[in-house]
Amino acid sequence: MAGIVTEDKRQHFKERVMQPKLNDSLLEMERYYEAHKDKLAQDLLDSMCSLCQQVIVMQEAEKKANLGYITFSMLRTELIHGRAFYLVEATDANWFFDPNPCSIKADMGWAFEGWFKLVEQLEWDMLAYQGTVIKPEVEQLMLEAAAHYHQYVIRLARYALSRIDELPQWSYVNRHTQFEIRVGEYLDQSECVLKLDESAHEESDVRSELEQARSADSNEAPLGYQVLRGLNLSEGNFVQQDIRYSDFSGSHFSRSQMPICVAVGARFRNCQMDGVNLCASLLNEADFSGASLRGALFRFADGSSGLKDAVQWTMPGFEPLSFSGADLTGADFEHADLRGAIFVGSKVGAVNFKNANLKGAIFSIEDKEQLNITEQQRSEIVWQA
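Under full-length UniProt numbering, the first residue of the sequence shown is numbered 1, with each subsequent residue one higher.
These are computed hints drawn from the structure, not numbers from a lab.
Some clues are possibly wrong.
[Unchecked claim] Simulated pairs of lysine to any residue, SDA-like, Cα-Cα distance not exceeding 25 Å:
hint	residue 1	residue 2
1	Lys195	Trp313
2	Lys135	Gly68
3	Lys368	Glu380
4	Lys354	Asp309
[What the hints assert, rightly or not] Okay, the calculated beta carbon distance ranges per label pair:
hint	residue 1	residue 2	range
5	Val382	Glu113	51 to 59 Å
6	Asn355	Glu113	35 to 43 Å
7	Gln11	Gln169	45 to 53 Å
8	Trp95	Ser50	15 to 23 Å
9	Lys14	Lys117	14 to 22 Å
10	Leu87	Lys354	46 to 54 Å
11	Glu191	Ser50	43 to 51 Å
Every residue, glycine too, gets a C-beta built ideally from N, C-alpha and C.
Based on the provided sequences and hints, a complete structural model is requested.
So this is what it looks like as structure tokens:
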């Protein structure tokens with residue numbers, strides 16, 4: 001590397017040494033997560049049991065108000081010292097200004113094992129750069145990269161905490177009308193992974209918000225991460241809306257126009273959605289379990305699960321799109337990407353799967369003969385008894 005100026009050597013180290021190894025490490029993280037997520041989810045729920053027990057004791061002693069938030073915080077100072085503990089805090093509606101917070105530490109070492117190994121590797125690799133790349137610079141680069149591993153903690157929390165009602169202690173925790181579980185960095189930005197909202201929502205207000213025109217590059221998502229159950233939103237014109245991770249369970253969307261929507265992780269469980277138009281929408285991780293979707297349009301929709309690119313890591317993979325127990329009679333999935341989607345127990349009579357990607361999609365074996373699909377599609381499906 002003689003003749004390369006110091007700044008170029010640093011860039012060379014980042015692009016030619018660190019980035020390929022980081023990519024490989026994150027791909028390995030994805031494989032580990034998929035193989036162990038159910039065990040990891042149970043471990044996380046066990047940690048929540050411990051926190052809930054502390055909260056219950058404090059609330060019985062009138063030392064803790066109704067909970068407004070539970071926040072999982074990544075601590076970069078912990079990472080620097082070779083530990084991956086997250087601070088988990090239960091707070092009232094004042095959030096970080098709660099005068100009586102209740103907290104535990106949760107070990108997320110599973111998510112950062114690859115990160116620690118990569119730090120060690122890069123500290124050896126930097127020696128070839130003869131002092132032009134130094135340890136503090138490697139540490140800074142890797143602290144920035146920690147955000148990628150942190151995304152798997154977010155993914156696990158969203159996956160596991162959807163089952164929080166299974167915890168016996170949870171029913172004894174007094175909560176605010178609006179309650180959130182968030183995952184982020186300490187006293188910094190965080191992402192909502194579970195929201196409970198018992199407040200009433202006016203259908204007319206929600207409909208009006210959904211009918212607001214939004215540009216393709218708009219960052220507005222006023223109805224993302226919301227709980228909007230049991231609403232009548234039929235025959236609406238809800239084009240190009242961002243409703244990611246919102247819960248519309250039990251609502252009516254029959255004959256509504258909803259093309260080009262971002263509905264990643266949205267919940268439409270037991271919804272009435274006959275004739276709905278969701279063409280070209282993003283439906284990764286969405287849940288249509290038990291919904292009535294007779295004649296629904298899903299042409300060119302993206303509901304793929306797993307990584308977008310099996311070679312170049314860009315973000316954690318998606319959980320499967322679910323149509324479990326849904327009535328899909330006459331639905332149209334032409335050109336839709338349905339890799340890994342779950343159709344077990346659904347009604348699939350007269351469904352159009354022309355040119356749809358069904359690789360790894362899961363169907364009930366009794367539906368094998370009635371599906372009008374190609375032999376290639378048939379061979380790529382997982383048939384469940």
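Could you tell me whether the CB distance from Leu87 to Lys354 stays inside 46 to 54 Å? For Lys354 against Leu87, whose Cβ atoms are near 51 Å apart, the range 46 to 54 Å holds.
If you draw a straight line from the CA of Lys195 to the CA of Trp313, is it 25 Å or shorter? Given that 25 Å is the threshold and the Cα spacing comes to 29 Å, the pair is violated.
Sort out whether Asp309 lies within 25 Å of Lys354, counting only the CA atoms. holds, 23 Å
Given the hint of 51 to 59 Å, check if Val382 and Glu113 actually sit that far apart at their C-beta atoms. The hint (51 to 59 Å, Cβ to Cβ) is violated, given that Val382 and Glu113 are roughly 30 Å apart.
Kindly confirm whether 14 to 22 Å is satisfied by the beta carbon distance between Lys14 and Lys117. holds, 18 Å
The hint says 35 to 43 Å between Asn355 and Glu113; measuring C-beta to C-beta, is that right? For Asn355 and Glu113 the Cβ distance comes to about 41 Å; the hint holds.
Could you grab the alpha-carbon distance between Lys135 and Gly68 and see if it respects the 25 Å cut-off? The given pair, whose Cα atoms are some 41 Å apart, is violated under the 25 Å limit.
Tell me if the beta carbons of Gln11 and Gln169 are separated by a distance inside 45 to 53 Å. holds, 52 Å
Quick one, are Lys368 and Glu380 close enough, alpha carbons at most 25 Å? Judged against 25 Å, a Cα distance of about 12 Å means the pair holds.
How does the Cβ-Cβ distance of Glu191 and Ser50 compare with 43 to 51 Å: does it lie in that range? Given range 43 to 51 Å: violated, Cβ gap about 23 Å.
State, for the Cβ atoms of Trp95 and Ser50, whether the hinted interval 15 to 23 Å holds or is violated. This hint holds: roughly 21 Å between Cβ atoms.
Checked against the numbered hints above, the structure violates hints 1, 2, 5, 11; every other hint is satisfied.
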